[in-house]
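Chain A is already provided as a structure; the job is to place chain B on it using the hints.
First to last, the protein sequences are chains A and B.
Per my numbering, the first sequence starts with residue 3, numbered consecutively.
Per my numbering, the second sequence starts with residue 427, numbered consecutively.
Hints are computed from structural coordinates only; laboratory data are not their basis.
Glycine residues also receive a C-beta, built at the ideal position from the N, C-alpha and C atoms.
A portion of the hints provided could be inaccurate.
Said to hold, decoys possible - Calculated lysine-lysine pairs in the PhoX-like style (CA-CA distance at most 20 Å, straight line): (1) B:Lys647 / B:Lys631; (2) A:Lys261 / B:Lys631; (3) A:Lys418 / A:Lys323; (4) A:Lys418 / A:Lys187; (5) B:Lys647 / A:Lys504.
Said to hold, decoys possible - Now the stretches of chain B that chain A is said to cover, found in silico as 3 or more residues with beta-carbon under 8 Å: (6) 576-588; (7) 663-669; (8) 679-689.
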Amino acid sequence: MSSTTDALSQAAPDAPIPPMGTGGFLRWVWRQFTSMRTALILLFLLALASVPGSVLPQRGTNPIRVQEWISNNPTAGPVLDRLGFFEVYSSPWFASVYLLLFISLIGCVLPRTRQHGRAMLAPPPPAPRRLERMPAFEELTSDRSPNDVLESARAFLSSQRWRVRLGETPVESGGDGSRWVAAEKGYLRETGNLLFHLALVVVLVAVAVGGLFGWKGNVIVREGNGFSNTLTQYDAWGGGRFVNPDSLAPFALTLHAFKVDFERGTAQRGAPRQFEADVTYRARPTDAPTRTTIQVNQPLEVDGAKVFLVGHGYAPHFVVKDSTGAVVFDDTVVFLPQDGNFTSTGVVKVPDATPSLGLNGMFLPTASFDKVRGGISTFPAPDNPALFLSAFRGDLGMDTGVPQSVYRLDTSKMQKVGLQALAPGQTWTLPNNTGSVQFTGFQRWASFQIAYDPGKELALGAAAAAIAGLMLSLFVRRRRVWVKVADLPQGGSLIRIAGLAKNDGADLTEDVSAIVARLGADQEKGSA
Amino acid sequence: MTSVELAQLSNAAVYATMISLSIAMVCFAVSFALGRRRPAVATGPRAVVEQAEGSTAVLTRTETTVDETPDAGRRWANVGMSMAWLSFLTLLFGVVLRGLWAGRVPWGNMYEFSITAALGILGVFLIMSIGRDLRWLGLFIVIPALLTLGLAVTVLYTEAAQLVPALKSYWLVIHVSAAIICSGAFTLAAATAGLSLLRSRAERKSADVTGWLTRVPSADKLRTMTNRIIAFTFPLWTFAVVAGAIWAENAWGRYWGWDPKETWAFITWVVFAAYLHARSTAGWRADRASWIVIAGWAAFMINYFGVNIFVNSLHSYAGM
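Okay, chain A solo, but in the shape it has when bound (with noise of 0.2 Å):
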């Protein structure tokens, strides 16, 4: 049998021919839509619609890698990219997925929640009349009387929190003049399904708060300098719609000094192994200063934000003088890693000097000179710093009004004025007397994330709520039982007890070996 016909006469019996009539046809549109077999196909197209974004990059982490991507492929690229392939977790498509799948989980869970209320509130169901059908059966006599077998069944069940009913079937009505007791457990196991799905509502409620309420920046702080928490200071910052940038928590924060340690052994050597941020901050510019550490994996929190430490670098210390000796530039520069021993490229901007004077520089923590790749380092700890440097003269473009990068020196309106290699200390005096450039040395640099995000706690409860339904909801067996008593012709009665799971798999012997168990002590009692 090939699986296409399996398909078809299998889901023949749960499709039928639409109704007619506009309302008809709109409800059995909705009971498609709201059935399993819709929630499995859009389960099936969220995992599909999750790959792309684990193999192209994505701007929201990585912008530079995607803007690579598109340039590389220059025919896939920008089509890829209206298609919104490089923020596959914020395109439309995406989300029509996963909002078709919560309207869907909607429309199941919540008639199923007013049916079990129902169904807790109602009695368990009858019992059948021939319970010798039932995947569980035992048949036995006594010669207690149906009334006495009957109380010890209902006590017996009622002691192990079975809920339970008692009824009989005469014989007027077409019964076999039987009296029973039904029973009933495990309603749990759909309670806790109900709130799984629920509980999955409510983390996409979460994320989608935390997505409107909450804000996210990045920034560099070098040592000895201080960062506040407003949008200007900011190297990257992104918020919210209902974000008010301007009303920021007012704390702020001083970096005195960062701790690195790296490994230097031979296995993994140039690992890090320590990072460690020492800091003091104030929640508000009138607080007394706090002193304390950030760490990887120890955030600091202040105002309900977190200040999380994610990376870190050099900055060396440049002293610029023009020709008269006057000193026009004092300031340690951010230069950025470009590997993982830490060669970093950084640029310096002297608008002050005349003409305009930039830096484009390498640092090299442990320089080493490489033959083909020239000069590298081989180490992130400063065991051996040196400084490459070229110079450019003239117009540094700083005044177009376009804002530039300090990270790029457009050197198209300059003229290359010379090549330097320094160590620490070392002063490049300037081709024609133009002035110096002095390494005096260099300091670390420490870059900050700080993240706001007003539903990350009601996320992590409702993930909480999530396991405990579906823990719940897998490992509570839904099942039934019945005793059903008779009187015997002799005296005494015919005692049938029979069990049905309610899931696949359970099996209901045990429960109905119990329940013989018990009625035969009690029986025991009563003879002696």
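The following block gives chain B in isolation, referenced to the frame of chain A:
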């Protein structure tokens, strides 16, 4: 004991495990090669009369007795089980020594994850085999365990070193141990699901299954077993993902960022959620549900090997 001795002993234990696993594999394979199981001889239903004091309780019950005479194939499978236990113990020894050598939990790089994952596969199988006859499953557990170890000692081997700062957290123990148990259980479920597919194909061809598949339970029983394993593993996997999210919030400032590792954890989760839905959808309960389990396991494996090795992810650790 010096650290060099610890290291050598740990590596020796891993190699010893590979040898004993190979022997186990051969034994299980031979037990299949020896052909069909002696048919179970069942006696018919008979009435058992129990005499209770002062009364007569008569119960009608079907008592089935199976002829349990061991055949040659079973003897080979028994040796295989013993070797599997031995492998588990030597590997446990190797993993513990690795931790002692490194002075931390042995989950700092791919080599260490892999030897622990092999331990997880064997452990989940052996724990499940207590009180159940799972000898028929042995071959399909030993092979993935052996492959994982083989990959670990050849491609992934790294000297023990300290943890990178990102891994220095007690969440490493919680998140990774849950994920490792899941790797074992998902592998087990994929094995039973795969067997159920083979077995159901054989059952469709003829009511009387022949060949090595006679040693394997019926397709229906295999599916029930798969379902039970997933019912246990799915909440645990949910927990592993949530624990990872809590850790990510603490280390990177967001609980979910669609990092490739997170994405594939999500895909794995969604596929197994689809499996649970398939189990209550007409037309999907049988073979298709089994295929979904295999797809879920594949997603898990892509997450484990693919993302660490081929994709640029926050989860790409030092030394792979």
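Distance restraint between lysine 647 of chain B and lysine 504 of chain A, which requires alpha-carbon spacing of 20 Å or less = Holds, because 18 Å separates the two Cα atoms, which is no more than 20 Å.
Checking C-beta pairs, does the region 576-588 of chain B have three or more residues closer than 8 Å to chain A?
-> holds (count 5)
Given pair status - lysine 631 of chain B, lysine 261 of chain A, alpha carbons within 20 Å = violated, 70 Å
Against chain A, does the region 679-689 of chain B show at least 3 residues with beta-carbon separation below 8 Å?
-> holds (count 9)
Please work out if lysine 418 of chain A and lysine 323 of chain A have their alpha carbons no farther apart than 20 Å.
-> Cα-Cα ~18 Å, so holds.
Decide if the proposed pair is consistent with the structure: lysine 418 of chain A and lysine 187 of chain A, CA atoms, cutoff 20 Å inclusive.
-> Not OK: lysine 418 of chain A and lysine 187 of chain A at ~85 Å, beyond 20 Å, violated.
Residue count check for the region 663-669 of chain B against chain A: does it reach three with CB-CB under 8 Å?
-> Since three or more residues must qualify, the claim that chain A covers the region 663-669 of chain B holds, with 3 doing so at under 8 Å.
Do the alpha carbons of lysine 647 of chain B and lysine 631 of chain B lie within 20 Å of each other, as the hint requires?
-> holds, 18 Å
Of the numbered hints given earlier, the model fails hints 2 and 4; all others are met.
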